[in-house]
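There are 2 protein chains.
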Amino acid sequence: MSRTLVELLRDGLPDEAILTDPDVTSSYAHDMASFCEAGEPAVVVLPRTVEQVQHVMRTATELRVPVVPQGARTGLSGAANASDGCIVLSLVKMDRILEISPVDRIAVVEPGVVNAALSRAVGEHGLYYPPDPSSWETCTIGGNIGTASGGLCCVKYGVTAEYVLGLDVVLADGRLMSTGRRTAKGVAGYDLTRLFVGSEGSLGIVVRAVLALKPEPPQQLVLAAEFPSAQAACDAVCKIMEGGHVPSLLELMDRTTVKAVNALAQMGLPETTEALLLAAFDTPDPAADLAAVGALCEAAGATQVVPAEDAAESEMLLQARRLSLTALEAIKGSTMIDDVCVPRSKLAEMLEGVERIGEKYDLTVGVCAHAGDGNTHPTVCFDAADPDEGRRARESFDEIMALGLELGGTITGEHGVGVLKKEWLAREIGPVGVEMQQAVKAAFDPHSLLNPGKLF
Amino acid sequence: MSRTLVELLRDGLPDEAILTDPDVTSSYAHDMASFCEAGEPAVVVLPRTVEQVQHVMRTATELRVPVVPQGARTGLSGAANASDGCIVLSLVKMDRILEISPVDRIAVVEPGVVNAALSRAVGEHGLYYPPDPSSWETCTIGGNIGTASGGLCCVKYGVTAEYVLGLDVVLADGRLMSTGRRTAKGVAGYDLTRLFVGSEGSLGIVVRAVLALKPEPPQQLVLAAEFPSAQAACDAVCKIMEGGHVPSLLELMDRTTVKAVNALAQMGLPETTEALLLAAFDTPDPAADLAAVGALCEAAGATQVVPAEDAAESEMLLQARRLSLTALEAIKGSTMIDDVCVPRSKLAEMLEGVERIGEKYDLTVGVCAHAGDGNTHPTVCFDAADPDEGRRARESFDEIMALGLELGGTITGEHGVGVLKKEWLAREIGPVGVEMQQAVKAAFDPHSLLNPGKLF
Ligand SMILES: Cc1cc2nc3c(=O)[nH]c(=O)nc-3n(C[C@H](O)[C@H](O)[C@H](O)COP(=O)(O)OP(=O)(O)OC[C@H]3O[C@@H](n4cnc5c(N)ncnc54)[C@H](O)[C@@H]3O)c2cc1C
Ligand SMILES: Cc1cc2nc3c(=O)[nH]c(=O)nc-3n(C[C@H](O)[C@H](O)[C@H](O)COP(=O)(O)OP(=O)(O)OC[C@H]3O[C@@H](n4cnc5c(N)ncnc54)[C@H](O)[C@@H]3O)c2cc1C
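Line by line, the protein sequences give chains A and B.
Following the numbering used here, the numbering of the first sequence begins with 1 at its first residue and continues without gaps.
Following the numbering used here, the numbering of the second sequence begins with 1 at its first residue and continues without gaps.
Among the hints, erroneous ones may be present.
In this list, chains with the same sequence are indistinguishable; a pair is considered to hold if it fits within one copy or across any two.
Within a straight-line C-alpha distance of at most 25 angstroms, the following computed DSS-like cross-link-like pairs (lysine-lysine) qualify [claimed, not checked]: (1) Lys-214 x Lys-239; (2) Lys-360 x Lys-332; (3) Lys-332 x Lys-259; (4) Lys-214 x Lys-156.
No lab work stands behind these hints: they were computed from the structure.
Construct the entire structure; sequences and hints are all you get.
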């Protein structure tokens, strides 16, 4: 059967686009999430054209072989993990930027374009593609669309969903469907474009995307504020948002995270602080905005408020924030990264609860957060070689999600459901929600071939 | 059968919530679109609670009676038109604002809340609900969600879809489903919330919505620029957007529209101009931004550039723009309002083509446009008592849509498909698109009871 599959694939794909060596294919088995089952792919294909993707899906449907689409496999929920005997469909070779239009403020791209490559290319036209996951130097636009990625800029600029205007999608049976538009607005029929964003490769293969761009804003200026407690920092976040400010980022790192980043990269961040808040503005007069926000931080109890001197110092602070997850991983070798988003009015309660859970399970849990969005990443650090620590990590990870739901939040602000949070999706959206989501899935993928075992 | 229907409805609805007098029910037969078929409702119901809506849907499913949801019936595509023997389900009595949270920047509302009422209520908290269709004094949030409404502010703030975070929806069989969230971000499962936005009542009944709010921006200042041709005005629009400016509105009125508004409301707009462009900024220094944009207008050939003196004069200019459709209707008594959105780089070609079409059919076609979005409203003026004029109006209306598609645009930027543009939807999205949209419809509404005969 596996021979027939590969033979059929060869009918429409060049040799170099088909990988069958088990040593090679097994390196495509999983993304960057811990504790997620992953199977052995039968074959990995790396198409370069839409027609080749169509051929793969036609073949898969004919033989009823499951297909797992992949970008750069930086995902944190196992959503790109292979299942046994599947075709891994990697889109990384479809990496052309097809068009950039400053007047229409759009870019048209293939799915394998790396986020940072797009950012730089549009930057040359004075344009800006906001969604900026911390993995932006490697992750792909296809993966960003698959997971509906966020990043640091979301508090002002929103998430990937806000920037996807239209898609070309290869359906499970190999047919090509265009959704959406290349215009600024459009309401012709159901919004299937948005339905695909965040669908984790389970409804179709994105082969082309029309993305909205913004004009490049002024260089942002960052402020760092030190707080004697996480609660005081959360209080500052609420005061800033309630005060009508529109920061271009509003990020929190707790003491554990700050120390981890210093240990990894000798950043010289202040280790005595319980919580470091980073705020930035990309407004015409960022210094004035930072002054106002600095005053609110002080009113909330900040012990130090330090505006960056210049762009270089600002970038250094952002770099520290972007390193957080990697730095926390270095503590014990493994992490489970939660992604609970709560109404920002509940942020302090969330962080208090996380601390309690860490103590209960006797584990280090570092928290970094897109605080302005209420999107926390409590990161459970553990030693994968110690089974009891592994068990406790898993249990505390779950308890953190339960707390998020209790506070009116969601189990995932930006990393998605994948394999990791399947049971939790059902808890969040309830039986009617699951039934209707599965009905949508069945409408697009009647034979359950697209990324099976994910989401539900 | 009609008796049984009403009797069953009475089991779960108070008497005053059920209207059966044909003189009364027939006044609910249609929205504000011309040339759209409308049937006679069997009964009109005006529920006040979610349970009552569930009762209506359960009854409808039991008896297989179609249901047409309605807001204020200001729609322009016949999407709220009754079908023969249907239950009209009017949501206008569910008009409570349930919550406004400045920290979380959300409002929770029932569907019958009028857009302007919400705007004013959140304004008291220093907050801003951007979507502002020109019908905002009467249209409802439920209708705005049903049609994915736009308005003047979209060029900067986006459309209704950007502001709907979560929904409670009563499904065709009466079950209640919650979608989305009350957090700033969230990617738990498919984005059914966005799927409902713009679905024209054909997938379920919206009974509650969580809406995102922005902090109230500074008062905007408006500039009016007069151009010797529509093409020159479009050229200015492109220069402004290419230049990286972010106006809070960028609207165009052609000579016909300007004269019509003056005739209706004695606004004293300059009648000698071929095209009037309104630009506004709600930035910290709007005068500086207007000066920069004014210079670009002059470079594009503007003969006059007049910044408004103050807020009152700014508001007067907006009022003129908002009156455009009503004013054009007064010319001949009836209008067909197109809603073609093109990439803004094609705006000039679009307006040239519209002029040609008007001449070809010997009809007055006034154009107002959300020019910054490329969203034009070519408005065909005709005398409904003259059958030949009616035929020509219909044909020119269609030809304008064909032109929009040719230019890479969409048949509807914000008014929706409804009854009016059913055939055109199929032309725009193609057979695969139609098939998949219908599959989604069938997943939610297997007996085709929800607003049948719309969209497809
Ligand atoms: C250090 C680090 C920091 C991170 N920071 C952030 C962050 O700040 N914000 C954030 O949101 N995420 C973050 N992530 C998570 C991850 O980087 C993002 O989810 C990213 O969008 C995944 O992109 P990818 O190309 O690696 O996709 P993959 O992991 O390969 O795939 C992700 C999903 O998309 C699907 N998919 C991929 N391509 C296609 C396609 N063409 N068509 C259909 N489906 C497709 C896959 O099947 C899978 O379900 C971080 C990860 C790491 C390791
Ligand atoms: C003078 C004038 C100016 C206008 N200007 C604009 C403009 O600038 N921009 C713009 O986008 N539109 C504009 N419109 C069109 C119209 O006002 C909008 O489409 C508006 O959103 C309709 O709201 P409504 O409450 O009247 O809804 P209705 O017309 O009653 O219904 C619209 C659709 O939504 C559905 N619906 C209503 N309530 C619900 C519910 N609770 N659950 C599920 N479905 C529901 C209906 O079935 C129907 O399909 C204008 C109309 C007029 C008359």
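Structure-based check of all given hints:
| no. | hint | result |
| --- | --- | --- |
| 1 | Lys-214 x Lys-239 | between (28 angstroms within a copy, 15 angstroms between copies) |
| 2 | Lys-360 x Lys-332 | within (18 angstroms within a copy, 76 angstroms between copies) |
| 3 | Lys-332 x Lys-259 | within (13 angstroms within a copy, 74 angstroms between copies) |
| 4 | Lys-214 x Lys-156 | both (12 angstroms within a copy, 10 angstroms between copies) |
Checked against the numbered hints above, the structure breaks none of them.
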